[in-house]
Every structure is written in structure tokens, then in C-alpha cells.
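K.L.:
Okay, here's what each chain looks like letter by letter:
Protein chains: 2
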Amino acid sequence: MAAGKILYAQSGGVSAVINATAAGVIETARDKGIPVYAARNGILGALREELIDTTKEAKANIAGLKHTPGGAFGSCRYKLKSLEQNRAEYERLIEVFKAHDIRTFLYNGGNDSADTANKVSKIGQALGYEVNCIGVPKTIDNDLVVTDNCPGFGSVAKYTAIAVREASLDVASMADTSTKVFIIEVMGRHAGWIAAAAGLAGNKAGDPPHIILFPENVFDPAAFLARVQATVEKVGYCTVVVSEGVKGADGKFLAESAETGARDAFGHAQLGGAAPVLAALVKEKLGYKYHWALPDYLQRSARHIAAKVDVEQAYAVGKKAVEYAHDGLNAVMPVIVRTSDEPYKWKIEAAPLDKIANHEKKMPKNFMSKDGFGITAAARRYLAPLILGEAPPPYGDDGLPLYVTLKNTAVPKKLKKFVPAK
Amino acid sequence: MAAGKILYAQSGGVSAVINATAAGVIETARDKGIPVYAARNGILGALREELIDTTKEAKANIAGLKHTPGGAFGSCRYKLKSLEQNRAEYERLIEVFKAHDIRTFLYNGGNDSADTANKVSKIGQALGYEVNCIGVPKTIDNDLVVTDNCPGFGSVAKYTAIAVREASLDVASMADTSTKVFIIEVMGRHAGWIAAAAGLAGNKAGDPPHIILFPENVFDPAAFLARVQATVEKVGYCTVVVSEGVKGADGKFLAESAETGARDAFGHAQLGGAAPVLAALVKEKLGYKYHWALPDYLQRSARHIAAKVDVEQAYAVGKKAVEYAHDGLNAVMPVIVRTSDEPYKWKIEAAPLDKIANHEKKMPKNFMSKDGFGITAAARRYLAPLILGEAPPPYGDDGLPLYVTLKNTAVPKKLKKFVPAK
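From first to last, the protein sequence lines are chains A and B. Sequence positions in the first sequence follow my numbering and run 1 to 422. Sequence positions in the second sequence follow my numbering and run 1 to 422.
Worth double-checking, as some hints may not be accurate.
Where chains are identical, the list cannot tell them apart; a pair therefore holds if satisfied intra-copy or between any two copies.
To be verified - Capping the alpha-carbon separation at 30 Å, the derived lysine-lysine pairs in DSS-like fashion look like this: (1) K417 / K289; (2) K362 / K247; (3) K79 / K234; (4) K119 / K362; (5) K308 / K345; (6) K81 / K283; (7) K252 / K362; (8) K413 / K234.
Calculated directly from the structure, the hints in this document are not laboratory data.
All chains should be modelled from the sequences, with the hints used to inform the complete structure.
P.N.:
This is the structure we're talking about:
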């Protein structure tokens, strides 16, 4: 690797453990004597030359990132256009790298980020500026290919399984006279990984969740209602997990659907998500009393209940990213390779970004039960290790987790202002 | 106390720690050699003579109740009518008590339950059947009078403060390009205790939550929007906590309001709660990108993050209830008395049910800041001790909490069938 600095940027939706990756990057770089700059608010900070000097942070605060949710340097939703469409932005990145002697670019995100890191590597070569670009995996949606799983997912999976188990104990104890159908909506967009993980809450017949609605399946109201009714009659209550990405036969998200969708006073659709739409359907057709929950950001920021293995993997990909760059690797991603299901064993390997960028890993068909409402033994074998272990944050005397806030000292700018495209 | 058995019944909405109270009752009674029956599904089980013999449960399972959320014997929402309106039900209770030699009735609930326990005590006396009736406090809404606080509340308070802190870290890191306004809806109905507890998440100016909407105040859309805008402009984002019980100037819950209320395709109001209504308002009037969360039952069943002090108090009121009955006390409730704010000290005392039944404790005016959007130092002094300490449940090898399920062995019936009034 050429000498110089590392630039680390967080991208897209943050997670309970993305800062653990940042800790892996910074601590490993410090050990090697390499300074790390971080981009403020992700790639936008790199384009705007808004850089943070992490060498100014105390050791304890960097260590504290291992147990602090959110994105410590800020993240953003901003996808660079293609090289042909907006070459200026790629060239600007190289200009910023040159100005600050950045020789390693670590981009911590999902598919899009892998693609960007790949392109930046290419434009660097084209412009004769040597920069090692490493994509560092992060996405709660677990939809990256090649890697066995994605840091961030395991903790949401654990949160969701625990939430389903706990809330179902509540519902079960009240079902005689109160709520009979409980619906919880989970994230994951087009992939049902998080919804599937909810299935880990149950071990035997009759255990919640009783119905999982995957985005991979078209929603069938009649089959759904029949299963709700059968479950209430048999078990006494019914816990439903619905992925936010579930669509109806019309190809629209449940909440958008003209037939079932909720609308606010201004006529906006998609106000309430899928859960309230299902709740209304249950009430209308079956008359059961319902409750529904939509944990939203709570599920992906719940560092207090993160999976230990997820924290470890998040840290490991950050550490390996620095080592790969130091060893001269370019346009690769440290991916998680599973070497054994039980006992669960894993290692990190380098995989080319070309194979990862812009692909999406959907759930295999054989992970969903035949009726489409549950998970199979194969799914369980894959998912179970990912929620293992507890790694609670330290708590203060006030009963609240001690999350760190960095100083985020700005690096003085050297270049002219640049306004990123919208 | 007359010899005989204890009947223990859970009432109303369950909590993360109501089973800890059950453990306190059963373990204390076992020490004294008193058998405990539990009513299946609360007072309905007592009326239907559906009783559970807790002496059949293993010691480890009873101990496990200390860390298991929900209601282990089932609870119900069923309020006995007045003695005049339905004397038959009170007489039925005494008949069931007589048949099974029940000489102590422990009713674990809120205001209504205190009232019922009080009335059962009176009808017992009128019918010449000696039974010691003790109301045992439980309500996440924290709205019982006399007692300093209610078991169940502290854990929801802790959950809510942590959720606000964690989700706000997420929002803060994405606000540059994504969500600027995050709204979380909390329980509590007519009392703003849970909403107020969210205020513990922040310690200094600018910390989230930035706006708390209490049910004690009439919702003022203009003032709310102005504060949202000012916060986004100053802090970069805005976290809003809204109590489910907030009402507009028309006296209706936000979600019911004709002006702002969400309606589903069937025209039903109150589908989505207050949070999505506020979100729509923010989008319509200010154009900010928003997200909202509605944890619903997750907040009151989250035993994994219960406050240690809450678990201890829940256990203590169960223990004291048995001791009071054993000492011959009748028509009382073990209440929590605070003897010191800092360090926090408390004890349990007996208070007459007459003083507690059917009263509701609202938040004092001086707990809300002048602008109505935050909490005061007085509120902080009261709330802070209630979320102290962590008491995580044991976890299994599968990464999930080990919650116990009781056998709940039925006691053979001795009486004719009785159908409770609807």
C-alpha cells in the first residue's frame, strides 16, 4: 500500500453495529500508525471536503464506538451516478483524496456502496492516482451477495425474535377478553430476512409467530384470514409478522393499495405501513380485537440487545478492511464465510467488489414453508447462529446506556467548494 | 389470619414485571406453608371456578417468574359492576372462596382492581365469610394514588428512554439527507407519565427528545409545528414523543379527529394512532421527511430491559401482600413509599383500599415545562430513580431470553357452572 491516510465513510441506513466497524477500522489503523479521516455524513462529506480527523479522538471514545448505535460520523442516502453521467463527482473524490493524501478509501455500506467503491478504484487508476478502495459490508436487510450474512442484520434479527417472544407472552395472557391478533411490522424492504428471523422466537407447534408475511410472496387476503382464524381458534391468539415490503396482487405495497390502503386526511397513501392495513382487514372480516406495533428505527438502533456475534463480525470486517488495504488489495470487500453451522464458525475473506456491486440476495425459496407463512429447518439452520450471544453496552448510574459522542474535529479545507448533484 | 389458601389473580393489562409480583406472593406463601391458588385469566377465572394449583409448580419455575414478562396465569379486562347492580357476582366469588377454603384474596391490578378487592372484602363481611382482601399494585400507566409509583411503570419508562436515545442517534446520523422528524408514540392513556419518562433520555439542551406531547395538554398544531421547525433548524433533526392519549381542541384523540385523523379504506378512524397523524401534519405543513414508531405492546413486555428497581418493587409488593394478610390486615394495599430521592430509598407500607380505589393520579402541573413540551427538574427528580439498574433475564444457548411457561394445573371444580355478566 502507498503511504498516506485512510478515508472511512458510512453509507445508507445505519445500524446498531456500524460504529463497531468504525472502531475496527480506527483501532487497527492506529496499531499500524496510519491516520484515519472520516467523511462527515458519508460520501457527501468526501465530495464537500468535510472531513473529520479521528486522530483527535481519545482512545476510550473509539473503543466506545463498539457499543454505540447510529453512525458516529453521519451517513447519507446518496448514490453517485454512473461514470458517464457524472464523471465530475468521481474526479472530485480523487481531487479530495490527493489534497489530503488519502491512499485508502473504505466505504461502509450495502450494494450501492460496493459499486461506488469499485468505480472510485477504477477512476483512480484512470487518473493515475493510486488509491486502494475497499467496500466494507453493512446492511440490516442482509441482502448482499457473496458474504454469508451482513453486519447489522444479526442484531435486528435478535431484536425482532425477542420482541415477538415478549409481546406474544403479553397477548397470550390477555387473549381471553382482549387482543386476539397482534401484528408487528418489520423492515427489510424487498427481502424477507428480518421477517424470517422473527421465526426464531418459536420452537414448537403453536409457538408465536404464527404467521410470517414475506415480501417474496404475493399477499393473499383469503389465505391470510383463514390462517388467522384457524390460529385464534386453536391457540387462542395469533401473532403476525409482516415485512414492510409485502405487496398485493396489484404489485403495490399493502399500504399503497387502493383496495386496502390507509389514507390520511390529505389523501396520502402509505401513511401507516402494512400492519394497520392488515389490522383493519382482520377487524373487518373476522371481528377480532387487534393491536399492532411498528418499531421502525427502534429495531435497527437497539444496541442494548445487539447480538454478540454481530458486534464481533462488524468489528472484524473493519479490521480486515484496513489489513487488506495495507497488504495492497484493491476493489475487494471483506466478506463473512461460514465454515460450520453447529458449532457456528466463521472467518473473513476478501471477495472482489465486481461480484458484489449492484446484486441483491433474496431469501432462498426453501427458507419459506410450503404454505408461505413460516420458516423451514434450512432457514433456522442459517439464521440461528446470527443472533447468538449478548453484548450489552455499559450502563451509567442513571440506568441508561453510556453511548459515546465523538468530538468530530474538522480537517481544514484545502480545495474550492463543490456542490454535489442532487 | 384464618387458615386456608390464598387466591391470587392478575388484572388488566400485564407488564414486564407483574410475574415478579406473582413470584413474591408464591415464594413468601411457600415459606409460610400457605397454599396459593391462582385464578385463570384474572377475576373471570375466580368467577368461573377456573383455578390453578401453584403448589404443583417446580421451585425453579416460580423463581423464573421474576424474569418472565406477560401474565403467567392469564389476565383479563373485566370490571365487576357495583354491588347493587350485580350482587350475584360478588356472592359467587365468596361461594368459590368457601368451596376451596380461600381465606386470602390478592388482586394484582390498578384502580378498578383495588375497588373490586375492597368490595369483595365488604361482601365477605356481610355474608359472614372471613376473607382478607389485599389489592396489589400494578400498572404501567403509573396512575394509582397514595403509592409513590406503580410496579410496571419503571420498566416501561426505562424502555422508552432507551428507545428515544437509541433511535435519535440513528436519526441524527442520517438527518442531512434523510429523516428529519422522528415521532414515537407511547402508552399511558390519560396520564403522561410514560411520555414524561422519555425526557430522561436527554441531559442537556439540544438532546432528544425535543418535543413531548402530554395528554394533560390540549394539542396545539401551530405551536407544535413551530417548535418542530425551530428544532430542525437548530439541531438538524427533531425527535417527538407523543402520548397515545393526546387530544385536540375538539376533545377527540388525535387519530379520531375529523380534521387530522387517519381513516382506512373502510372509513374507520383511530387506525393508526397519534404518531402517523402528526407525521402527516409535519409533511403537509413543513415538508420534512419523517419516520414514526409505535412500539405498542413491545414497551410493556420488554422484560429484557426492565429496571432492576422495578423488578425489586414488584416482588416486594407481592411479598408484603402475603405478610399483611398473614398479619390479619384487610382491605389494604402494599404501597411504595419514597423516603429519599438521592440516594433513592423506598419502603413498603399498608394503605387502605378506600383511599386508592377509583382514583386516578395525573401528572402534577409542575412536572411539565412552561411551554408544555418538556419535563422540569421536579419531574426528573421523581422519575430518575425509577429506571435505575439492570436486571436482564438469563439467556439460552440460542441467544434468546429463557422465559418460563408454567404447567398451570387446574384445580378440580366443586361448584355448578357460572356465567359472568358481559
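K.L.:
When Cα atoms must be at most 30 Å apart, do K79 and K234 count as within-copy, between-copy, both, or neither?
P.N.:
Between copies only: 27 Å across chains, 49 Å inside a chain, cut-off 30 Å.
K.L.:
Regarding K252 and K362, is the shortest C-alpha distance of 30 Å or less found within a copy, between copies, in both, or in neither?
P.N.:
within (19 Å within a copy, 44 Å between copies)
K.L.:
State whether the alpha carbon distance between K119 and K362 is at most 30 Å within one copy, between copies, both, or neither.
P.N.:
Within one copy, since 24 Å is at most 30 Å while 60 Å is not.
K.L.:
When no copy is named, should K362 and K247 be tagged within, between, both, or neither for a Cα gap of at most 30 Å?
P.N.:
within (15 Å within a copy, 44 Å between copies)
K.L.:
Have a look at K413 and K234 and pick one of within, between, both or neither, based on CA distance no larger than 30 Å.
P.N.:
Classified as between; 24 Å across copies, 67 Å inside a copy.
K.L.:
State whether the alpha carbon distance between K81 and K283 is at most 30 Å within one copy, between copies, both, or neither.
P.N.:
Between. Shortest inter-copy distance 28 Å satisfies the 30 Å Cα cut-off; intra-copy 46 Å does not.
K.L.:
First find the shortest C-alpha distance between K417 and K289 inside one copy, then the shortest across copies, and answer within, between, both or neither for a cut-off of 30 Å.
P.N.:
between (58 Å within a copy, 27 Å between copies)
K.L.:
Within, between, both or neither: how does the pair K308, K345 come out at a Cα-Cα threshold of 30 Å?
P.N.:
For K308 and K345, only the intra-copy Cα distance (14 Å) is at most 30 Å; the inter-copy one is 35 Å.
In summary, this structure violates none of the numbered hints.
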